[in-house]
Amino acid sequence: MISLAISTFVWTLGFLLETNSHTLEQQLFYNNIGYLGSMTVPIAWFFFALNYTSGKRLFTNWKRITPFCIIPLATVILVWTNNWHHLMWSNEHLATSGPFIVTAKTYGPFFWVALTCNYVLIITGAIFLLRRLFVGAPLYRGQAISLIIAVSLPLLWNIIYIFSLVPLPHKDLTPVTFAISGIAIVRGLMRFKLFRAIPFAREFIIEQMSDGILVFDMSNRLLEANPAAIEIFGVNRNIIGKRISLSLLSTALEGMPPAKPGRIELPLTVSGEKRIYEIETVVMHEKHKEPVGWLIILHNITERKNMQEQLLAQDRLASIGKLTSGVAHELNNPLTSIIGFSEFLLKRDLSHDIHADLNVINSEAERAAKIVEGLLTFARKHPEDKLPSNINVIIEKALEIRDYEQKNNNIEVITRFAQDLPEVMGNEFQLQQVFLNIIINAEFFMIEAHGKGVLTIVTEKAGDCVRVSFTDDGPGIPKENMKYLFSPFFTTKEVGKGTGLGLSICHGIITEHDGRIWAESESGTGACFIIELPVYNSNQKTNRLNRINDIS
Amino acid sequence: MVEKKATILVVDDDQHIRDLIQRVLESADYRVITASSGGEISGKLSSEEIDLVLLDIKMPGMHGFQALELIREKSDIPVIMVTAMDEATTLQHSFNLGADDYVKKPFRTNELLARIHAKLRRSKE
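If you read the protein sequences in the order shown, they are chains A and B.
Note that the numbering used here numbers the first sequence so that position 515 is 515, with each residue one more than the last.
Note that the numbering used here numbers the second sequence so that position 112 is 664, with each residue one more than the last.
FYI, nobody ran anything at the bench for these hints, they're computed from the structure.
All values derive from a computational prediction rather than experimental measurement.
Nothing false has been slipped in among the hints.
When the alpha-carbon atoms are kept at most 35 Å apart in a straight line, the in silico DSBU-like pairs for lysine-lysine are as follows:
(1) A:386 <-> B:671
(2) B:671 <-> B:626
(3) A:347 <-> B:671
(4) B:557 <-> A:347
(5) B:671 <-> A:370
Some, not all, of what chain B presents toward chain A, calculated at C-beta under 10 Å:
(6) 564
(7) 569
(8) 610
(9) 639
(10) 656
(11) 658
(12) 659
(13) 660
(14) 662
Idealized CB from N, CA, C, for every residue including glycine.
Given these sequences and hints, build the entire structure.
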């Protein structure tokens, strides 16, 4: 690129000196110097255009450049040796042309070869740039256009001069025009150098990015869709170029106005997987002009959403925990009085009916005390005694407890335990309580739904966690209940059959074990409760759930 | 020889609980003195011959832990913490400060009596 500027400079220098000299010898000498420039400008231009449009430095080594230099080199040599062979020109003499004293000459055969060569190089270079102009990003069109104008003006002038299309002045002003263009080009170069990689980087990024991008013109013709967008909507690439409505891409987009800037969140099903997308519509304007088109950017925010919801749920449970703990402690004092006094009174000699009533007071107070105890377990944050434990063994013990009931109620239990399951740090009693809770829940809902059921329990190692899943074939969990599942006092069982504390206690215990518990269910096809507990590692005390809590 | 009645100091800010414990203990033939706050303990300890203290942990004014430290500065008598706060750390802290046992609220009257009886028997040995 610098060579383009240097060549132009040499050409112009030769021209200026030639113009200012008044003898034929001087004029010819400077004319010959000018040729050094005029023969290198087209080559420099050609390589510049090629390098710019290919985005690679194709012509940096001399082996590739040399073949293109043969004719120009020969021309320069022939120019300087013209006196012997007159291949370039003959019959040179001074003439007056307008304000200038010029050298008039008859052009020889090789002059036309050199000229053709130059035109071919300049035009080819221009074609490369033109092609870029129509396939490239609009941002660079302005620059490419100005470059082409910068080059075609001198070219045009040159044609006029060589073929004497305009009679006066009979003077080759091409170098002057080229010098002017040169300034424009060199100025542009600083930016081209900077941006040379960008048009290609942009294409690459858009092709590779996981965000979907759709580009429309103002008549809603789909101009471009990157592979991610094609995958998201599961459509055929041949819709590109067609005028389409957004609902054609996905029924979820129905009602979304085209070309209206904004941002919405939408659930989309992509290859069978439910995802949440943030969909942004941007209208493209050139500066202070009418919009030229609009685009849609689809950003997958499923993970972020899930994380947010999880943090929110944890936050909610934590504040409920604090409140619960306070309330539970306050309830313990009055309960102590009720239980204590009624117990005390029951020891007295009372009439049968009073004794019976008092018994109700006492046992109901005991029941209230149990609920309070459950609440405290849910709210508890302190570390209980934990030991390295085998989850398989704990589940087996829980199943032994339920064995009799299960046989009586036609509950079949399928267990698939990983034999090499690593140990977890846990309180065996608390974990058993969690598993029992989930098992009993599953039994309850399966029996209620169809009087029998199959419960599948799977243990496995999942990353740095032990994962346990309990899958039943019960009625499943309605979607609207999902988010309240682990909240205290949330129950779907009828009054007296559940306190609504079971799962909240499970959540409390598992969180206290630095683990995670969640449910997956499609209403109607059973429910699956999944628990993950960190693998016991004697060197490592912290773990990810603590970190999540810290962040929230 | 007729054994002298053991005297038990009951410290709880809740009047009903004080009454309850008093009646339960008196029915089991103990002598009961009550205090509604930690601040009263000092005076009772110097004016009365006390064999055992039942001490609530969560009280307005002087906290049960402070009261326990105060008792331990003066005396070695058995102290049973009576508490609705059953967290391991709370209990552990109580034992570190010199408590001998604890009873969780709500308690069964039989359990309370059994624990008191056991502590008194040991302290007499």
